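Protein chains in written order, with our numbering: chain A, 1 to 168; chain B, 1 to 168; chain C, 1 to 168; chain D, 1 to 168.
No lab work stands behind these hints: they were computed from the structure.
Misleading hints may appear alongside valid ones.
Said to hold, decoys possible - With a Cα cut of at most 27 Å, we get these calculated DSS-like pairs of lysine-lysine:
hint: 1; chain 1: A; residue 1: 14; chain 2: A; residue 2: 2
hint: 2; chain 1: D; residue 1: 2; chain 2: A; residue 2: 14
hint: 3; chain 1: A; residue 1: 133; chain 2: B; residue 2: 133
hint: 4; chain 1: A; residue 1: 2; chain 2: D; residue 2: 2
hint: 5; chain 1: D; residue 1: 151; chain 2: D; residue 2: 120
hint: 6; chain 1: D; residue 1: 133; chain 2: C; residue 2: 14
hint: 7; chain 1: D; residue 1: 151; chain 2: D; residue 2: 133
hint: 8; chain 1: A; residue 1: 121; chain 2: A; residue 2: 14
hint: 9; chain 1: C; residue 1: 21; chain 2: B; residue 2: 2
hint: 10; chain 1: B; residue 1: 133; chain 2: A; residue 2: 137
Claimed, not checked - Beyond 10 Å from chain C on every Cβ pair, some chain D residues (computed):
hint: 11; residue: 2
hint: 12; residue: 21
hint: 13; residue: 33
hint: 14; residue: 145
hint: 15; residue: 148
hint: 16; residue: 163
Note that the structure is predicted; figures quoted are calculated from it, not measured.
Note that the Cβ used here is the ideal one computed from N, Cα and C, for glycine as well.
4 protein chains.
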Amino acid sequence: MKKIIIGVMGPGEKATAVDLKNAYELGKLIAQSGWVLLTGGRNVGVMNAASQGAKSVNGLTVGILPDANQQAISEAVDIAIFTDMGNARNNINVLSSDVVIACGLGAGTVSEVALALKGKKQVILLSDDEQSKVFFKNLSPENIYVVESAKEAIATAQAILNTNLGDC
Amino acid sequence: MKKIIIGVMGPGEKATAVDLKNAYELGKLIAQSGWVLLTGGRNVGVMNAASQGAKSVNGLTVGILPDANQQAISEAVDIAIFTDMGNARNNINVLSSDVVIACGLGAGTVSEVALALKGKKQVILLSDDEQSKVFFKNLSPENIYVVESAKEAIATAQAILNTNLGDC
Amino acid sequence: MKKIIIGVMGPGEKATAVDLKNAYELGKLIAQSGWVLLTGGRNVGVMNAASQGAKSVNGLTVGILPDANQQAISEAVDIAIFTDMGNARNNINVLSSDVVIACGLGAGTVSEVALALKGKKQVILLSDDEQSKVFFKNLSPENIYVVESAKEAIATAQAILNTNLGDC
Amino acid sequence: MKKIIIGVMGPGEKATAVDLKNAYELGKLIAQSGWVLLTGGRNVGVMNAASQGAKSVNGLTVGILPDANQQAISEAVDIAIFTDMGNARNNINVLSSDVVIACGLGAGTVSEVALALKGKKQVILLSDDEQSKVFFKNLSPENIYVVESAKEAIATAQAILNTNLGDC
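Let's have the full structure, built from the sequences with the hints guiding it.
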C-alpha cells in the first residue's frame, strides 16, 4: 500500500546555512515519523541536506531529478527518478507529496509552492523571509501554513495527514 | 525562421474584469506589433481574452493546452498544442515565449512567473496587486519589469527584444 | 478557430535519402492543402526536410523541440515550441496532430507511432521497411494506413479528416 | 546511494494470462535479487501483477502513474509517483530503470521499448509474439535481448548490470 510521502522543496545552489540546517532536521524528523522523504534529488542545497538528514536515521529517500544522467544525484537518495524534463518536474514533486514543505525560498521553490496550491495540496512554509509568507498566505489562506521550526513543520504535517485521513 | 512569440499568462476562471480588459488589449497590441501570441489556450479568462484581442486584428495565436481534448480550447486559438501534462505545461509556455507578460495573478500565474525566472526569461508584470510586484521584484530585481498598462507592457517587451537581439 | 495540423515524424540523423525526399514532398503537399505542418523541429533529417518543403510554398510550420535552446532549430520552423523534456515531447507531437504521418523509421519514430496509437490517433506509414508495416498493421489494424508515396499519404490524410469531420 | 531499479513494462487491460504469470514471477525474482521494481503503477495488468509478485517476498515497489489521483494505484505499489502527464510518463519509466524488461506487448509497451532504445537503455523482451522480437532485434541488434522465461530475464538483467558496472 502506498506509503506516506512528505516533499521538502527548497533552493539548490542558493540555499542559506539556516535553510540547510532546517532541511537536515526536516529530513531526520520525516524519517523518524515513518514517512518517505521526496526531494528534487540533486546533490546540492536543501534537496541534499534533507536527504542526508533522512539517511542519518535510516529513512527512505526519493529524488525526482530534472535530467537523465546519474552524475548529479545526491549520495543520500535511494530511489532516483529521472524525468529529463527540467523544471517541469517540479509539478511531479508536488503531486507526489502528501504534504509539501518549502524550506527557504528561490524561484524554483516559488514555482513548487504555486504548483502545489494549483494542485490542491497543503503547503507548509519554513522560511525567514517574512514577505513570502505574507504573499503566499494571501494567495491561498486556507492551504498555506506558516511555521517557525522544523519541529513545528512536522507537527503541522501530522495534523494535515490526520485531517485528510479523516476525510476519506 | 522562428517568429517572435510573446506569452501572456494570467488567471483562468478567477480573472477580474480589469485582467480581461488588459489581456484583450495586450493580444491586440502583440498582433499589431507583428508578433505571435502564446497563451495557455483554454476558453476562459486571460488566455481567452488575449487570444480574442489578437484575432480582432488578424494576429496568429498559439495555445498550449494542459489536456488532450479539443473541447476546452479557446475559439480564438489558431495553433492548438495538446500536452496532456496538466500544469507541467506551464514550463513549456514560458520557455517558448521570447518575453513573458503576466496579466493578473493566480496560483498558476505565480508558477509561470517563477518558472520563467528559473528559465532566465524576462517577465513583465501587469497587475493591480501591489504586493506581488514587490515580491517578484525582490526575487529577481534584474528580470522583473513592473508596468501600469498594456501599452507600457508592449513598449517594455520591444525594449527587451531590442536588447536581446543586440546580444546576439 | 483551430487550424488542421498534420504531423510528420521520422528519423533525424539517420534519415535516408529516400526519407528526406519523401519528407520534403510531404511538407510541400501539406502546405498546399492548406494545413499546418508539425514536426519535432530540429535542423536535421525528416523534421528539417518536411519543414523546408512546406516553406517552399509558404506554408506554416510548427516545431516541438526536445530542448530549451534556440541553437538546434530548423531554419524552416516558424513557430518553435520549447519543451525541454527530451523524448517525452514525442507524446505532444502526436497529440497535437490531427493525422500523424511516419516517414521512414527509427527508434524515435517507432515511439511516436506507438504513442499515437495509444492516443487513438490514425497513423499513415510511408516507408520502404516492409517489416515495420506488417508489425504496426498487426498491432492496430484499424488505425494504421500503409502508403507507397507522399501523394498517397496526403490523399489518405484527406480521407481521414473527412471521416473525422463526419463524426462530429 | 541509488538502489538498482529494474523496470517491468507491459500491457494493462489487454495483458494475457501468460503475461500476468510472467509479470508476477519477474516481480518476485527482482525483489529476491535485492533490486527495486518500477512499473507504470496502475492496478491492472502487468504493472499490477509484477508489483504483487515483488510484494509477495517483501520487495520495494515504485509506480510511475500517468495521472494525479490516488484511485487507480495498484495496492502493491509502495512509492507512488504522480506525473499527471499521461503516456509521456513512459519516458520517465524507462529513464529511471537500470534495465528495462518488456513483458507482453501493446501499443504502450512498444512506445516504452522504443523510448528505452532512444535513451540508450538495454531492453529484455519476454513475449510469445515472435514478430515483435524480430522487429525490435532488427531495430537495435546490440541493445535488445530476447528471452524465453522470467528466470532467463533475471539472469540477463544481472549480466547487463555486471557489464555496466564494469564500464564505470
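Right, here's what the structure says about each hint:
With a CA separation close to 33 Å, the supplied pair residue 14 of chain A and residue 2 of chain A exceeds the 27 Å bound. The suggested pairing of residue 2 of chain D with residue 14 of chain A holds, with an alpha-carbon distance near 25 Å, which does not exceed 27 Å. Note on residue 133 of chain A and residue 133 of chain B: the hinted pairing holds, with a Cα-Cα distance of about 15 Å set against a maximum of 27 Å. Restraint check for residue 2 of chain A and residue 2 of chain D: satisfied, since their Cα atoms lie roughly 20 Å apart, inside the 27 Å limit.
For the hint pairing residue 151 of chain D with residue 120 of chain D, the CA-to-CA distance comes to about 24 Å; that is within 27 Å, so the pair holds. The suggested pairing of residue 133 of chain D with residue 14 of chain C holds, with an alpha-carbon distance near 22 Å, which does not exceed 27 Å. About 18 Å separates the Cα atoms of residue 151 of chain D and residue 133 of chain D, which keeps this hinted pair within 27 Å; it holds. The hinted pair formed by residue 121 of chain A and residue 14 of chain A meets the criterion: a straight-line CA distance of about 25 Å does not exceed 27 Å.
The straight-line distance between the Cα atoms of residue 21 of chain C and residue 2 of chain B is roughly 23 Å, inside the 27 Å bound, and the hint therefore holds. Restraint check: the Cα-Cα separation between residue 133 of chain B and residue 137 of chain A comes to about 16 Å, which is no more than 27 Å; the hinted pair holds. Residue placement check: residue 2 of chain D keeps its beta carbon more than 10 Å from all beta carbons of chain C (closest about 20 Å). Remark: the non-interface label on residue 21 of chain D is consistent with the geometry, its nearest Cβ contact in chain C lying 22 Å away (cut-off 10 Å).
The Cβ of residue 33 of chain D sits about 28 Å from the closest Cβ of chain C, beyond the 10 Å cut-off, so the non-interface label holds. At the 10 Å boundary, the C-beta of residue 145 of chain D stays outside the reach of chain C, the nearest C-beta of that chain being 16 Å off. For residue 148 of chain D, the requirement that its beta carbon stay farther than 10 Å from each beta carbon of chain C is met, with the minimum near 20 Å. Interface exclusion of residue 163 of chain D from chain C stands, the closest Cβ pair being 21 Å apart, more than 10 Å.
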